[in-house]
Each structure stands twice: as C-alpha cells, then as structure tokens.
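Novice: These protein sequence lines map, in sequence, to chains S and E. For the first sequence, the working numbering assigns the number 1 to the initial residue and increments by one for each residue that follows. For the second sequence, the working numbering assigns the number 442 to the initial residue and increments by one for each residue that follows.
Since the hints were derived computationally from the structure, they do not count as laboratory data. None of the values given here were measured: they were computed from a predicted structure. A few of these clues could be false.
Label-pair ranges, simulated between beta-carbon atoms [said to hold, decoys possible]:
1. Asp-668/E / Ile-29/S: 42 to 48 Å
2. Asp-748/E / Asp-77/S: 41 to 47 Å
3. Ala-180/S / Asp-505/E: 56 to 62 Å
4. Ala-180/S / Gly-779/E: 44 to 50 Å
5. Ala-387/S / Pro-736/E: 30 to 36 Å
6. Asp-748/E / Glu-53/S: 56 to 62 Å
7. Thr-98/S / Asp-858/E: 22 to 28 Å
8. Gly-74/S / Asp-858/E: 36 to 42 Å
9. Gly-74/S / Ala-674/E: 51 to 57 Å
10. Gly-516/E / Ile-29/S: 32 to 38 Å
11. Ala-514/E / Gln-220/S: 42 to 48 Å
12. Gln-118/S / Thr-504/E: 43 to 49 Å
13. Asp-257/S / Ala-851/E: 22 to 28 Å
14. Gly-881/E / Ala-154/S: 50 to 56 Å
From the three backbone atoms N, C-alpha and C, an ideal C-beta is built for every residue, glycine too.
Each chain, letter by letter, is given below.
There are 2 protein chains.
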Amino acid sequence: MDQRPIQPRTLKGFRDFLPGPMLRREHLIETAKRVFRSYGYSPIETPALEYSEILLGKGSDETDKQLYRFDDAGGRDVAMRFDLTVPLARFMAQHTGTLGVPFKRYQVGPVWRGENTQRGRYREFLQSDFDTIGTESILADIETGLVIHDLFAALGFTGFTIRVNNRKVLTGFLEHLDVADQAIAVLRALDKLPKIGRDQVSGELESEGIGRPEANEILQLASLRGDNDEILATLGPLVGSSERGAEGVSELREVVDGMMAAGVAGERVAIDVSIARGLDYYTGTVFETFLDDLPDIGSCCSGGRYDDLASLYTKQRLPGVGASLGVDRLLAAMDELGVGGKRDTAAAVLIVYFDASRRDDYLALAKELRSESLDVEVYPEPRKLGAQLKYADRRGHRLALIAGDREWAAGTVQIKDLASGESVEVPASKAGATCLELLGR
Amino acid sequence: MDQRPIQPRTLKGFRDFLPGPMLRREHLIETAKRVFRSYGYSPIETPALEYSEILLGKGSDETDKQLYRFDDAGGRDVAMRFDLTVPLARFMAQHTGTLGVPFKRYQVGPVWRGENTQRGRYREFLQSDFDTIGTESILADIETGLVIHDLFAALGFTGFTIRVNNRKVLTGFLEHLDVADQAIAVLRALDKLPKIGRDQVSGELESEGIGRPEANEILQLASLRGDNDEILATLGPLVGSSERGAEGVSELREVVDGMMAAGVAGERVAIDVSIARGLDYYTGTVFETFLDDLPDIGSCCSGGRYDDLASLYTKQRLPGVGASLGVDRLLAAMDELGVGGKRDTAAAVLIVYFDASRRDDYLALAKELRSESLDVEVYPEPRKLGAQLKYADRRGHRLALIAGDREWAAGTVQIKDLASGESVEVPASKAGATCLELLGR
Numbered sequence: 001m002d003q004r005p006i007q008p009r010t011l012k013g014f015r016d017f018l019p020g021p022m023l024r025r026e027h028l029i030e031t032a033k034r035v036f037r038s039y040g041y042s043p044i045e046t047p048a049l050e051y052s053e054i055l056l057g058k059g060s061d062e063t064d065k066q067l068y069r070f071d072d073a074g075g076r077d078v079a080m081r082f083d084l085t086v087p088l089a090r091f092m093a094q095h096t097g098t099l100g101v102p103f104k105r106y107q108v109g110p111v112w113r114g115e116n117t118q119r120g121r122y123r124e125f126l127q128s129d130f131d132t133i134g135t136e137s138i139l140a141d142i143e144t145g146l147v148i149h150d151l152f153a154a155l156g157f158t159g160f161t162i163r164v165n166n167r168k169v170l171t172g173f174l175e176h177l178d179v180a181d182q183a184i185a186v187l188r189a190l191d192k193l194p195k196i197g198r199d200q201v202s203g204e205l206e207s208e209g210i211g212r213p214e215a216n217e218i219l220q221l222a223s224l225r226g227d228n229d230e231i232l233a234t235l236g237p238l239v240g241s242s243e244r245g246a247e248g249v250s251e252l253r254e255v256v257d258g259m260m261a262a263g264v265a266g267e268r269v270a271i272d273v274s275i276a277r278g279l280d281y282y283t284g285t286v287f288e289t290f291l292d293d294l295p296d297i298g299s300c301c302s303g304g305r306y307d308d309l310a311s312l313y314t315k316q317r318l319p320g321v322g323a324s325l326g327v328d329r330l331l332a333a334m335d336e337l338g339v340g341g342k343r344d345t346a347a348a349v350l351i352v353y354f355d356a357s358r359r360d361d362y363l364a365l366a367k368e369l370r371s372e373s374l375d376v377e378v379y380p381e382p383r384k385l386g387a388q389l390k391y392a393d394r395r396g397h398r399l400a401l402i403a404g405d406r407e408w409a410a411g412t413v414q415i416k417d418l419a420s421g422e423s424v425e426v427p428a429s430k431a432g433a434t435c436l437e438l439l440g441r
Numbered sequence: 442m443d444q445r446p447i448q449p450r451t452l453k454g455f456r457d458f459l460p461g462p463m464l465r466r467e468h469l470i471e472t473a474k475r476v477f478r479s480y481g482y483s484p485i486e487t488p489a490l491e492y493s494e495i496l497l498g499k500g501s502d503e504t505d506k507q508l509y510r511f512d513d514a515g516g517r518d519v520a521m522r523f524d525l526t527v528p529l530a531r532f533m534a535q536h537t538g539t540l541g542v543p544f545k546r547y548q549v550g551p552v553w554r555g556e557n558t559q560r561g562r563y564r565e566f567l568q569s570d571f572d573t574i575g576t577e578s579i580l581a582d583i584e585t586g587l588v589i590h591d592l593f594a595a596l597g598f599t600g601f602t603i604r605v606n607n608r609k610v611l612t613g614f615l616e617h618l619d620v621a622d623q624a625i626a627v628l629r630a631l632d633k634l635p636k637i638g639r640d641q642v643s644g645e646l647e648s649e650g651i652g653r654p655e656a657n658e659i660l661q662l663a664s665l666r667g668d669n670d671e672i673l674a675t676l677g678p679l680v681g682s683s684e685r686g687a688e689g690v691s692e693l694r695e696v697v698d699g700m701m702a703a704g705v706a707g708e709r710v711a712i713d714v715s716i717a718r719g720l721d722y723y724t725g726t727v728f729e730t731f732l733d734d735l736p737d738i739g740s741c742c743s744g745g746r747y748d749d750l751a752s753l754y755t756k757q758r759l760p761g762v763g764a765s766l767g768v769d770r771l772l773a774a775m776d777e778l779g780v781g782g783k784r785d786t787a788a789a790v791l792i793v794y795f796d797a798s799r800r801d802d803y804l805a806l807a808k809e810l811r812s813e814s815l816d817v818e819v820y821p822e823p824r825k826l827g828a829q830l831k832y833a834d835r836r837g838h839r840l841a842l843i844a845g846d847r848e849w850a851a852g853t854v855q856i857k858d859l860a861s862g863e864s865v866e867v868p869a870s871k872a873g874a875t876c877l878e879l880l881g882r
C-alpha cells in the first residue's frame, strides 16, 4: 500500500526562517541583548501560554479578538501572549516582592495575534522590549534614549533620528487652552495630520467643540519645527500658565541634554511635538526612531514613560519607562540598506574534502582554525572540487581551503577567496592567520 | 467601586524565569550557538503553531495525547509543536529544493507538552538541536561528537564523558544469533538492565522466545566493559558473520579515531554498547553525554544517526545525524557544580548616583566605561549610599563606583570591590582599566 505523504506546509501568517534571514535576525537580537546588558538590563522570560483572564485584562477589544484562545486538556481557559507588556505587568505584580525596584529587564520572544494577513501582517512575530520599572527618575528616560542610540549604532546604521516628545507638553497646552477634556479627541485628530492635512484636522477639532482660535493654536503647536533649542524656547511661552506643561518642557530639555552629555551627536535627537504614541498608555517622555534613508517604513523603535504598569494585577503603583524594537521592520531595513551582511552560512571558511584518505587531517586543520576564532565547515564527503566550490558559492562561504596530496606533502594549503577567485598557497601553520587577514579581521 | 485586582499567576507546568536563572540560560544558549556556528551549522526557525496533521503524523501515541491542540479562529485544526524534530522534518520536505544538501542547521526554541507535572516535568521547555542532513558520511557523525565535546568544554565542565555506540552492532549481533526479529523486544529488555538486573532481563528475553545460550550472549555483549580499544577488539569476533555488525564496529572505530584526531582527550569518549536511545529512530551512531560528578541526572546531550528524516512528508530520502541538548538538565547541573556564575544582574559595575547635581557626569562616566567593554548600570535616583550598596548586593554587582563632590573636584573615583569590601581611589581616566583589572579581565 502506497501511503501518500502529508503535504508539508505552514499556517497562513506563520513563517519558516531559512538560514540567511535567520542569521541576520540572530545578529540583530544578539546585538540588542549586548546593548541592553551593557546598561544593566537583565533578561527575563515568561510563558507563551497564560490564563486568558490575565491577557484579556489589559488588551484592547481588537487584541482580545485576535487572541489564540482555547481550553487546555485540564479545562483551563488559556491563550497565547499577544505582546510582552501584559506578561511583564503580571510578572512584576507577582515578583516585585522578590526582585525589588528599581528593576531593569529585557525580554525577547515571539507573540501571536490572529491578524488579518491581507494587511501584510504576520500572526507570529518577535518582540524585543526593555524597561526600567519602579522609578520616576528622568535618568531612566535618558538611558532609554541612550540604549536606542547605542543599539542603532551597534547594528551599523549611520543615519537615524530619535524623535522625542513629552505627553505633558500637549496635555499642559490643552489645560492652558481650557480644552483638557477633549485631550483624547485632539490626539486622535492630530495623529491624522500627516495623512489628511491641516484643514481637515481643523474641521475635526471644531466638530469636537473646540473653537477655531484654539484649534489654530493646537495646529501651530503640532507644526512646530526647528532645532531642539528653538523648539524648547518656543514651547515655554506656548504652554503658558500650565504647571504640567512647564514640567513637560523641562523634562524634554533634560532628556535631550542628558543624551548629549552622554556623547550622542546633536543630529541624532530631534524634539518632535507631533508624536503622541498611543492614547492612554504613555504619560511623559515618548520616543520614536526613524531611519533617515527609509522614513516611510515608520518608527523602528518606540516607547516612553508610563505611570502605572500593573494596576490590573496589584495595588502597588509601578511607574516605568521603556521601548520596543520593531524587529521585522529593522530586518527589512537592514536588508534594503545592506547593513549586517548577506550570507546564508554561519561559517566564513569551508575546508574542501578533497583527498578521501585525509579525513582526520581535515578535521585537525579545522580544529586548529577554530582555536583561532574562525568559524569553519568541513565539507562532509569527498567529492569533486567543482561540486564543493559550487556548494560554497551557494551557501556564501567566503574562503575555501584546499589541500590535496601535493599540498599535504609540502605542508601547505591553498586558500581561495571565493569572491575574487584568487588563491594563495601558504604553510599550513599560517592558514589561520592568513584567513583572518583575508577576512579583514 | 473598588475593582479587585486579577490574581497574577502562571499556569501549572509553566515558569517565569527571573534574571539570575535567565542570565545562565542565555549564557548556555549563546555558548551553544557559538559552538554550532563554529562548525558551520546555521540557524533556522519554524512556527510554534503547525497544522495538527503535521505534528500528529510523526509522534507517538503519548506525544499525541500531550498536544496543545485546538481550532483557530479560521477553523483550522492546529497544535503547538512538541519537539523540534517533527518541524525540522516538515521544513526539510518543504525547503530542500531551495536549500540543497548537505544542510547543517541548529534550532533553539520552546516546545509544549501537556505532561503530568507530578513527575517533575514542565509543560513548556526549551529544546536546542543541531543536525547535518542529507549525507551518510561518517565525518558528520564525528563532527556531531566534536560539537558535543566543544560545547561542554566551552560551558566550563571539566569532567564529562561522551558515550558512543552504534545501533548496527547490536542489530548485527542479533542477526548473527539468528534472533533479529526480536530486536525491539531485546532493546526494550536491555533498557531495563540498570534497573532490574541481569537475571530478570534474562527471564524477559527467554519469555520472548530467545534461548538461554543466546540470552547469555546478549547479556555478555551488553555488559562489555573496558577501554575503547579493548571493546573494539572484542566486538569484532562477537558480531561474527554479520556484515551489518562488522559495519557497526568499523563505524564505531572511525568515530572514536576521528574525535581523537581532532584533539579530543581519550577519557572524554567511551564506547558503551549498552546505550540504545529509542527503539525505531536511530540506525547508526548513537551518543549520550554524562557529567562525571553528576551521573544520576542522566544524559545531558543525546543524539545519533537516522536513515530517513522526513518520509512522512516527502518521497526524498533524507539521512542525517544530530543531537539535542538537555537545557533544563544542564542548567541544573551548572547550578549544582557552580559552573557559569551566580549573578542576578547583567552588569558587573554599578555607578552610585551620589551627587544629585552630577547626573550628566555619571552618564558620561558610564559611557566611557562601556566604550571599554564594561557593562555598567547607573543607579537611577540620588539616594543614600547605603541603600544603593544594598541594591548592588542584592543584584550581585561586583564593583561600585562612587564619586561625590570631593572626588569630582580631585578628578578621581572610588572603586569598591563589593565582595571584599575594599576600595581604591583612582584618577577618573583610569576607572575603566582599574575595573577591568579588578574583574580579572
């Protein structure tokens, strides 16, 4: 009886990662973790599955609808996490007694949402968050900006801008105009400014009962442009009598000054009073990060300060500040800008298995090169040179080491640069040093 | 109305990882990935969720029962992966045309099983696998052993033994005895040898219709002890006329010799004819790895060679060889043996925020130290020295940098070793070098 194979396929919205994209993703994640750790953020992990009541507690109606939710074999109502923020809130409510505050954590892991894939969204994607919990100190806001800066620099991006705002500035400004009750409507309207333009936003504001003079002032604020000092100088008088507004302006100044003091170049940080980032969650500093060469892909790292992380799970107030990397977006940008390399193999060097009787010699040579910090693959079978070089080309190895009878007798190896096609023959004892040199290390 | 908080809790069998254990887990995983890559294994990723028919195809009845399986919002019958081997088989069936063979991959990620938690099992745990697919060359078997060796050495284990066997040896021996049809029953009985002893196993073999002389010979083989050369010398005559047996003995010799040729110390590799590792899957070389100081926790890294990875999903035959790390077991061992450190923070150095007006100076100092490859946390708020040192002690920072008015005026910092309690005062420009020296780097 001939049994038909099961069709190998993945679910809609779910992806396999092949070595090339996965090597770049691992490079991104390992770089991010190194930067997080260099600031004293420590890793935590939470389960993929949680009680549904935990996850339903915090999300919007939209995320509730997108939950992968089911009854487990024990009859528990469970769901797969849809972000890393809600699990963090649950985690902090549960463990703050043990951990104490301030507490700095990062977490990197997959999340699941039953998104409409027609909008180019995935149903499984990686999130990478870092947060400082349990302090209201502006130093933590400054450090959040510094981590973003160091991360983009470490990834090899040369042109990027961290846009900073403070929610208190707009809130204070609306208090000053005496329209604080319409704050949410104003934010919603302003979010559309880049799309629908000034006139239509003005109309929306007026339909919310905001007078034309106030609407004009709001639009004037949102359109404020200039260098950071100019904007700060203008904002002061604009927020006028509002204490909260003055606080926002002062915090904005501290974040920018603190980042400069820690060596960030002036052009990397731009105050942008038009960014708001979510209606309810953020309460102070907010960040967005744009690549100068790819402005249209949107913010690649966003975050800000919030007043109370875990109020659904604990009566302890836990303020904090943090940000989240847009991993898929950043990877697409790295591909498009040629940042981070293009290889499909982890190993720069391939040792050609040329002479069937020399297997153990190839293994010993590979061990020698690895001890000099080289990543080395030995082709597993003795095959024709052409087939092995074709394999190296397909995988993206950069150097091929070739040694046959003649070379073994002479105590040499040939090292072929697979990009240029050029070969050098060197004493076997110099193989590692020559590879490192050819690789520019 | 006072709303009661939702009780923060995790599901039975699921775990939060706090920073201490998570730092050690990340160290383990990053070390493993570095070793995998140094041999040319490349990362891949597959989804957490798959069509149930894919996962039900390969597992045993037991894993089928343990599946987290449900209908998604689109009515698809889906399940969470219970290992990384079945997804690899599906992946290779789907992508071998694109990737070509030989193909070397590693994958690290969580898997889910509705296990009985009374047996100390978790329902979510990490797997870490590496495999070479599409070649029957013994070089790939040797390299699998080398990766295991380098990995345990890189993690800092000084006493470990990689036990090697070859399934063809026993199969060939049973052919030679003319009881090949009872192979599965023999393996099942032999698996119990350490528990129930020789006599009872002999009884079981006889009840399967195996004669007493043959049962005795089987038990003699399984009890074979000695150094590798002695065992190999004895095995040859034992497998007698069986071609398959002779092949197994020869492969076993090649694996041991190849590992020695690549520099592995003789005492790290021990031929052990009693290990079998699963009844159906493995067909050639098999590996288990034991820690000399903790033999009772069992094998911490196991694997072997198989004939056909993906027969359920494709007609293409894909032989391969690989192994899987027991991540939880290894972490428990590292804890118990004091391998890999004990800190609860990522950063060795804490800069005390002592003088409220000096925030930007602390930030600049931190930046300077980071540029010298130090991981540095700045305490976020100006608080009393005692409170900050208590924090450093709780987190496990190793050095505290203290600078107040006097030190800033003198251009110095104090560096306090938190283990010894001793302090040195050095010029601020020497702070990084002094920290590196005190940390032994």
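Novice: Taking the hints in turn, state whether each one holds.
Specialist: Results for each hint:
1. Asp-668/E / Ile-29/S: 42 to 48 Å: 44 Å, holds
2. Asp-748/E / Asp-77/S: 41 to 47 Å: 43 Å, holds
3. Ala-180/S / Asp-505/E: 56 to 62 Å: Because 59 Å falls inside the window, the suggested range holds.
4. Ala-180/S / Gly-779/E: 44 to 50 Å: Violated: the Cβ-Cβ distance is about 58 Å, outside 44 to 50 Å.
5. Ala-387/S / Pro-736/E: 30 to 36 Å: 45 Å, violated
6. Asp-748/E / Glu-53/S: 56 to 62 Å: Given range 56 to 62 Å: violated, Cβ gap about 48 Å.
7. Thr-98/S / Asp-858/E: 22 to 28 Å: The hint (22 to 28 Å, Cβ to Cβ) holds, given that Thr-98/S and Asp-858/E are roughly 26 Å apart.
8. Gly-74/S / Asp-858/E: 36 to 42 Å: Given about 51 Å between the Cβ atoms, the range is violated.
9. Gly-74/S / Ala-674/E: 51 to 57 Å: 55 Å, holds
10. Gly-516/E / Ile-29/S: 32 to 38 Å: 34 Å, holds
11. Ala-514/E / Gln-220/S: 42 to 48 Å: 45 Å, holds
12. Gln-118/S / Thr-504/E: 43 to 49 Å: 35 Å, violated
13. Asp-257/S / Ala-851/E: 22 to 28 Å: Holds - the Cβ-Cβ distance for Asp-257/S and Ala-851/E, about 25 Å, lies within 22 to 28 Å.
14. Gly-881/E / Ala-154/S: 50 to 56 Å: 25 Å, violated
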